[in-house]
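S.K.: Here is what each chain is made of, one letter per residue.
Number of protein chains: 2
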Amino acid sequence: MISEPPVPDTSVLAVARNKIAVFVMQSLGCDVAALNTVQFSNHTGYGQWKGTRVTAQEITDLWDGLKQSYLDRFDMMLSGYVPGAAAVEAVGNIAKELKTKSQAKPGSFFWVLDPVMGDNGKLYVADDVVPAYRSLVQHADLILPNQFEAELLSEVKITDLASLRTAVETLHSKYNLPHIVITSVSLPLNTQQALPDGPPPSRTMSVVGSTRTSTGKSRLFSISFPVFDAYFSGTGDMFAALMVVRMREAVQNAASSYSLKDKASWLSDDDVGALELPLAKAAEKVLASMHEVLSRTCEAMQKELGAALAEEPAGDGRLSDDEKAKKIHLIKSSAAELRLARNWGCLRGPVIEYRAVKLE
Amino acid sequence: MISEPPVPDTSVLAVARNKIAVFVMQSLGCDVAALNTVQFSNHTGYGQWKGTRVTAQEITDLWDGLKQSYLDRFDMMLSGYVPGAAAVEAVGNIAKELKTKSQAKPGSFFWVLDPVMGDNGKLYVADDVVPAYRSLVQHADLILPNQFEAELLSEVKITDLASLRTAVETLHSKYNLPHIVITSVSLPLNTQQALPDGPPPSRTMSVVGSTRTSTGKSRLFSISFPVFDAYFSGTGDMFAALMVVRMREAVQNAASSYSLKDKASWLSDDDVGALELPLAKAAEKVLASMHEVLSRTCEAMQKELGAALAEEPAGDGRLSDDEKAKKIHLIKSSAAELRLARNWGCLRGPVIEYRAVKLE
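Heads up: the sequence lines are chains A and B, in that order.
So in the working numbering, spot 224 of the first sequence is number 224, and the numbers just go up one at a time.
So in the working numbering, spot 279 of the second sequence is number 279, and the numbers just go up one at a time.
Bear in mind the hints are in silico, worked out from the structure with no lab data behind them.
Keep in mind that this is a model prediction, so the values were computed, not measured.
Any given hint might turn out to be false.
[Said to hold, decoys possible] Mimicking DSSO-like on lysine-lysine, the simulated pairs with C-alpha atoms at most 30 Å apart in a straight line are:
(1) B:Lys332 x A:Lys332
(2) A:Lys99 x B:Lys327
(3) B:Lys96 x A:Lys327
(4) A:Lys324 x B:Lys327
(5) B:Lys50 x A:Lys50
(6) A:Lys67 x B:Lys281
(7) B:Lys157 x A:Lys101
(8) B:Lys99 x A:Lys50
(9) A:Lys67 x A:Lys263
(10) A:Lys326 x B:Lys101
(11) B:Lys157 x B:Lys281
(12) B:Lys332 x A:Lys105
(13) B:Lys332 x A:Lys261
(14) A:Lys67 x B:Lys50
(15) B:Lys99 x A:Lys324
(16) A:Lys99 x B:Lys326
(17) A:Lys303 x B:Lys303
(18) B:Lys174 x A:Lys105
(19) B:Lys303 x A:Lys101
(20) B:Lys324 x A:Lys67
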């Protein structure tokens, strides 16, 4: 009755906020060692929170603790939000060590790096985090920047398809990066693509991915999907965690005369086209899960908001207008929390609706 | 294909080590807010670890953070390992606040307390943690001590069935405790109970539970189960997390003329016998999951140990005997880590093999 996990035994070191990411990877059968970079009462989208951030020293100590007990054998690593340049460097040192250790056995370690720095033109980390990531990404196997972060790393402003291609090719060449997925591109890339039936979405966005060839050329694909008219926190973490698992799965399933999983960085041969890339297949499954979870979250959110706002009538005389606005924002933030635990099926067996298309 | 979660929407505040507990509760459909009491590189059974413990102040801050954003509505709370008497007190204050807030709506909040203090006659917390728990447990709905912790709280030494009964009745009367499960009783309680076919286990143990009547009398049941010949860390946390969910489920499913879930502390009427208690039904399911997960863990452990010890021949000349013994202990500890992520089915749909019997 219960299907087998999509990946073989997979041990992942997760250095991130981890509230969302750990459960997602565990749900898909991964054994996860969680190094939590924050312990906050709630996510920062609420506008207020309490709690603590991990220091660079604590990251290094925890890593030393793993090593001294022979617990440092990982198939994959996911790094997400890391607080501050020194901590980013500490995380990079862990990844570099694992990378070096794996060199005798190509493909035995794969680092997925989500360079969390900002969004929509605004940094939400300290300025010195940007150069810290710039000097690190060369060691990653797959990076998952959003459009703004891709611009920061490539130093190319993305305004159209040509500059998007330049940005991706710069990331491939400048940092020798094997795989790239830009998680939120708002250019109209392939509006000719048929979207499923139903009311037209308010707007669509795309993810754009590429696995480089042996000569450093890009193999670009994009997948467009409708955007829900609400803000959900944690979608980046969910995307990254799903990508870890689905990439491993796609590489295991890749049809080839040799075993792709035994090649360094899981780099497909040059004759593999953009749409046949494991990266593209993985991204399709990831977006399918994302869309299903967000749909269920939207439904639950509407229901909860209806009830909560009926309970808290707008005419609460004791609160000032500012206080009322703040309270409504907090209630909305809570209602928009991702519904993961009750939607295991969306993570495990999503139905693919949005397909990759080749970007010429 | 994927079954519905066993409980309705359930929001749990988990204040514990949480590595095991959070995943278990999420797997069964609960929405979990995790307040982690430690961030360690590995569990302490390895004999060495690095990392940090949360302070009482941090616990209080995180709770304040939840409250200020209206995130303090919980159906249940699980508290497990808490470092130090001041932190235990801080956790108690959270539970008391939630309890007080729920008084207008009986049964709307339920606190499961695992009073982690020691095992097998030895304390592994500071001495002042014992009185801290003694002054707290009166506010809990269900406590999950092991035999040693039950002795510490009741101040009754458990040596036979009569003293076991005295200990449980003391816990009911002294602290007005609604529900008690002693998680590891090593007395020969009901050896006449038929165990499933197969080679005889090296030894059996029992859990012993009771829900008090309106006059404070006990309703004692026990469930015996075979013990695996290996040490697994985290079984207490797994037991507690499963108990949270299965208790909620059993109370929802309880046949009665009124709704048991709307009664304070989910206290069954006096005419409900020991074996019909939701507590007994919950414990049966919990033990079924435990046994299945531990069986799978045992299998995986044997395989891993075989491979690891072949790789590390005993005749490694560079290591002293002490170093060799330490290394083997570390390898064994790692091999014995609970296999949860790949055994979701054992958590979700276990087959009940060990049944509760009434203790006369």
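S.K.: Taking the hints in turn, state whether each one holds.
M.R.: We went through each hint and held it up to the structure:
1. For the proposed pair lysine 332 of chain B and lysine 332 of chain A, the alpha carbon gap of about 48 Å is over 30 Å, so the pair is violated.
2. Of the pairs offered as hints, the one joining lysine 99 of chain A and lysine 327 of chain B holds, with about 24 Å between alpha carbons and a cut-off of 30 Å not exceeded.
3. Restraint check for lysine 96 of chain B and lysine 327 of chain A: satisfied, since their Cα atoms lie roughly 25 Å apart, inside the 30 Å limit.
4. Simply put, lysine 324 of chain A and lysine 327 of chain B have alpha-carbon atoms about 60 Å apart, too far for the 30 Å limit, and the pair is violated.
5. Simply put, lysine 50 of chain B and lysine 50 of chain A have alpha-carbon atoms about 24 Å apart, close enough for the 30 Å limit, and the pair holds.
6. The straight-line distance between the Cα atoms of lysine 67 of chain A and lysine 281 of chain B is roughly 43 Å, outside the 30 Å bound, and the hint therefore fails.
7. A distance of roughly 53 Å separates the Cα atoms of lysine 157 of chain B and lysine 101 of chain A; the hinted pair therefore is violated under the 30 Å criterion.
8. Restraint check for lysine 99 of chain B and lysine 50 of chain A: the C-alpha separation of about 23 Å stays at or below 30 Å, so the hint holds.
9. About 26 Å separates the Cα atoms of lysine 67 of chain A and lysine 263 of chain A, which keeps this hinted pair within 30 Å; it holds.
10. For the hint pairing lysine 326 of chain A with lysine 101 of chain B, the CA-to-CA distance comes to about 23 Å; that is within 30 Å, so the pair holds.
11. For a cut-off of 30 Å, the pair hint linking lysine 157 of chain B to lysine 281 of chain B stands: about 27 Å separates their Cα positions.
12. Restraint check: the Cα-Cα separation between lysine 332 of chain B and lysine 105 of chain A comes to about 25 Å, which is no more than 30 Å; the hinted pair holds.
13. For the suggested pair lysine 332 of chain B and lysine 261 of chain A, the alpha carbons sit about 29 Å apart, so the restraint of at most 30 Å is met.
14. With a C-alpha separation of about 10 Å, the suggested pair lysine 67 of chain A and lysine 50 of chain B falls inside the 30 Å cut-off, and the hint holds.
15. For the suggested pair lysine 99 of chain B and lysine 324 of chain A, the alpha carbons sit about 27 Å apart, so the restraint of at most 30 Å is met.
16. At most 30 Å may separate the alpha-carbon atoms for a hinted pair to count; lysine 99 of chain A and lysine 326 of chain B meet this at roughly 27 Å.
17. Between lysine 303 of chain A and lysine 303 of chain B the CA atoms are separated by roughly 49 Å; this puts the pair beyond 30 Å, and the hint is violated.
18. At most 30 Å may separate the alpha-carbon atoms for a hinted pair to count; lysine 174 of chain B and lysine 105 of chain A exceed this at roughly 62 Å.
19. Using a Cα cut-off of 30 Å, the hinted pair lysine 303 of chain B and lysine 101 of chain A holds, with the two alpha carbons roughly 24 Å apart.
20. The suggested pairing of lysine 324 of chain B with lysine 67 of chain A holds, with an alpha-carbon distance near 16 Å, which does not exceed 30 Å.
When the structure is compared with the earlier hints, violations turn up for hints 1, 4, 6, 7, 17, 18 and for no others.
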